[in-house]
Amino acid sequence: MKYFFQTTICEALSERMGWDFLVIDTATFLADGLTNVAARIRYVFDRLLFLRKCVILFDEIEEFW
Amino acid sequence: MNPDAMDRTLSWIESQLSLDIIPNYCDPESMQCYGKSLRGWSSPHLTPDIGVQGWSTAQTITCVSNMRRVLTELMHDDVLEEFGGKKNAGTKTSSWERLLNSDIGSSSSPDVRTLKDVIEDRIIVPFSQTGDPSIGASYSAILFGPPGTAKVCIPILYTPLVSIFLLLTSS
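Protein chains in written order, with the numbering used here: chain A, 1 to 65; chain B, 1 to 171.
Derived by calculation from the structure, the hints in this document are not laboratory data.
Honestly, I wouldn't trust all of these hints.
Quick list of in silico lysine-lysine cross-link-like pairs, BS3-like style, CA-CA up to 30 angstroms [as the list claims (entries may be wrong)]: (1) A:K53 - B:K92; (2) B:K86 - A:K53; (3) B:K87 - A:K53.
One chain only, chain B, in its complex shape (with noise of 0.2 angstroms):
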């Protein structure tokens, strides 16, 4: 993105961010009358007094948002590349159909869940859907156990030693 670009069109979006009072608001439970103020744009091509107009208006938000996301983006991948974080484009199922499985808890237990379920459930699903996830939906989990027990498939095979804990939290 283009530095200078982006600092003229934000002086424009500054300068050009104009007030209308609507004079004859009247309220009919006090009888009094108020002015009422409207925020917004209108483009410098048309007369200097035409006052906020909505078609400049909507385009000025619309700018204003994509900047938003252009920004977001960017800081993102900024904070990424500072930490040392990996690029993940697009879903790849593999990794996770190779990870084996463990239940979580007792395995005697008749309600006895398994790791990949429990993450299915709280977080894939919740998270793969459009909008914010709803009740239930998972934004962290502690993984735990002591030293040793974690070892990268074990349970499936045979019954561990100690359990691996997996703890939802919502937040």
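Looking at chain A on its own, in the form it has when it is part of the complex (with noise of 0.2 angstroms):
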């Protein structure tokens, strides 16, 4: 549920503002499994700054923390 009240925030946010809409979960930095943890969030944010007008959620991200 948490998942969904999110997830609708930030997509309806997205859609009032024209924007395009992304979720990055802890999967997506999980997807070259643990030991690289660290590349792969490197690569990931290195991807995600060519984005322009696009509304972001990382979701579940406090697991990291």
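Dock chain one against chain two, each of which comes alone in its own frame, and use the hints as you go.
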């Protein structure tokens, strides 16, 4: 339900603004396995910097803290 | 976009860049004269020694900035596709209006504000204007609360057991 709530706010916000919408969750950071998380995070953020006018939801990201 | 055509255009731009020296720039204070450099482009069908031309330079810069815009769009689409994002063509207000609102902080406080109000003020309005958003605009928001609190539309109908906080940060 939490996921649904946050997705609803962010997605509705992106539609309201006419911006694109993207969800980055823990699976995105774990795509290359646990041992490569640091490199993967660097890669993901390098890629995200190319986005313009986009709402990005970092979901359940506190799991990394 | 045709990569060959882009390659040819870029090679042309790189090879035609030329440098002119204006030799007669004199500094009245030190009484010394320096050469001053001028970078730009000239069209190849003009005589070779004609030097940097305003018109050709303007055309080249327009071309480069258009190319930059197209590449930015292509990169954006590429990244969006890689992470499974969603494209929104144009503004659609229906789901925003359907979204139920909630108080931020204590409902009994006189200066209580609502989630949608704050997002409207700090994100939607500043980023919908042309140009860079002004001071006070938020590039990010942290939505957090204990598990189970964030049910889709709670706070309007009854007092939630735990508040949902919205923290807006400027960066």
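Verify the proposed pairing of K86 of chain B with K53 of chain A, using a straight-line Cα cut of 30 angstroms. This hinted pair holds, its Cα atoms lying about 12 angstroms apart.
Decide if the proposed pair is consistent with the structure: K53 of chain A and K92 of chain B, CA atoms, cutoff 30 angstroms inclusive. 15 angstroms, holds
Is the hinted pair K87 of chain B and K53 of chain A satisfied, with a Cα-Cα distance of at most 30 angstroms? Holds, at about 11 angstroms.
This entry satisfies every hint, going by the numbered hints stated previously.
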